[in-house]
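Asks: Those sequence lines, one after another, are chains P and U.
Residue numbers for the first sequence follow my numbering, so the first one is -12 and each next one is one higher.
Residue numbers for the second sequence follow my numbering, so the first one is 750 and each next one is one higher.
It is worth saying that the hints were derived from the structure and are not from the lab.
It is possible that part of the hints are untrue.
[Unchecked claim] Okay, the calculated bits of chain U under chain P, using three or more residues with CB under 8 Å as the criterion:
id: 1; region: 801 to 808
id: 2; region: 819 to 828
id: 3; region: 844 to 853
id: 4; region: 962 to 968
No residue lacks a Cβ here, since even glycine has one placed at the ideal position from N, Cα and C.
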Amino acid sequence: MTDDAKLQVTRKDAESSLTLSEVRSALIARGRRDAEVLLTTRTIELSDTDEGHFGFKLQWKGMNLWFLAGTREIQLNIEDARTLAAFLVKGCADIVWASPTPILLGRQWSLCAAREVSDVYPRARERDVPRRRVRVHCGNYKWHLLPFEMDRLGMLFRETLQ
Amino acid sequence: MPHPIIRRLKPEEEELLRKREELAAIRASLAERELELVDLRSQLAAFEGRYLRQVGILYAELDEWKARISELRARLDPSAAAKEQAQQARQRAHQTHEEAYGKASETRDFKPSADLKRLYREVARRIHPDLAKDSADLERRTRFMAEANRAYEAGDAEALQRILDEYEDGAEAATGEGIGAELIRIIRQITLAKTRLSAIEQELAALRKSEIALLKKQAEERERAGGDLLAELAASVRQQIERAKKQYEALAKPEG
Chain P
-12 MTDDAKLQVT RKDAESSLTL SEVRSALIAR GRRDAEVLLT TRTIELSDTD
38 EGHFGFKLQW KGMNLWFLAG TREIQLNIED ARTLAAFLVK GCADIVWASP
88 TPILLGRQWS LCAAREVSDV YPRARERDVP RRRVRVHCGN YKWHLLPFEM
138 DRLGMLFRET LQ
Chain U
750 MPHPIIRRLK PEEEELLRKR EELAAIRASL AERELELVDL RSQLAAFEGR
800 YLRQVGILYA ELDEWKARIS ELRARLDPSA AAKEQAQQAR QRAHQTHEEA
850 YGKASETRDF KPSADLKRLY REVARRIHPD LAKDSADLER RTRFMAEANR
900 AYEAGDAEAL QRILDEYEDG AEAATGEGIG AELIRIIRQI TLAKTRLSAI
950 EQELAALRKS EIALLKKQAE ERERAGGDLL AELAASVRQQ IERAKKQYEA
1000 LAKPEG
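Start from the sequences, fold in the hints, and give me the full structure.
Replies: This is the structure we're talking about:
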């Protein structure tokens, strides 16, 4: 249960006129949060057959994250991040991070994508990509993560987003 | 050549004249602001209805799947934590369903015509309760104004006109008992009207800061950029629903 007590326009009863009142409005607040994510990112086409180094640049609450794809900067929305993550979990790519933003936030973003993958392919980590690690660079940090590790960190991202 | 006889106004008559002009101006302003307020309320309510019908019901479906997943997990792993999580998920699904299919979702788009607006402005200018002369008048005006607001929100011009006619038919013609009494009455009306104007400003500000107003603003910005925010939100939630279904199916398989 969220605690979203907000002002809303509503009717006291079927006969009354519209009035401003304070009601719990978790559903509208939820739409607002999701809309914020949609509006702060931009879509690009990304093919599953692309190869090489991939990355993405995202904005979240006014902050920029910089991901590189070879020499290109690409900006993605969540759906594209999902597509990218699907590609990563198939074990074909490195993510090269060059982010001036806090490392934790950058890591959370990348792992959002990983989390999405675990939803789409719930058994992928056992069946298709059992031991394939994904190399992740963020500033001076580097990890070699298994999909389930990314998945776990992706859950952290989810919680932050909530 | 005889000079025309010009009656000079007494100071209190001049003051009364000024106050009448001031009241007329404030009446016009009050009617305008009331219209703005009722328009904003109606637009937000209509947008909320659209949001709930287009996106809210999908959130309800998503939360239903999430609740099913949690309940299934609780069956597979009957720990206290899993059971509690399942209960919470079910409660959330219920709450989302209530909100998505509630009364607010029935509000349809509101597009008042110029004629309807003009008529409402006229009604507000004549009937507004804050221009009442006494308590009986206040009660009568309040009743008529509430009916007028409902008629306007329903886009019913005929009803608005009928309300105005009925009000005018029953309006008292008497203007008062002397200049002093009328002056006092008008000053009180002006004060009440100014108080109401201030209340309208506050309500407008609060409405513009409400969640639904901010969501509507986002949708308008998206529309200017050539997008459709509600459709995009709906698509995003549909994808989440598909994933939740797959997750449920994957969990359900071992159970048989």
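Asks: Hint by hint, note whether the structure agrees.
Replies: Hints and how they fare:
Closer than 8 Å: that is the beta-carbon criterion, and the region 801 to 808 of chain U has 4 residues meeting it against chain P, so the requirement of 3 holds. Residue count for the region 819 to 828 of chain U with a Cβ under 8 Å from a Cβ of chain P: 0. That is fewer than the three needed, and the coverage hint is violated. For a cut-off of 8 Å, the count of residues in the region 844 to 853 of chain U with a CB near a CB of chain P stands at 6, and the three-residue condition holds. Figure legend: the region 962 to 968 of chain U, annotated as covered by chain P; annotation consistent (4 residues with Cβ-Cβ distances under 8 Å, at least 3 required).
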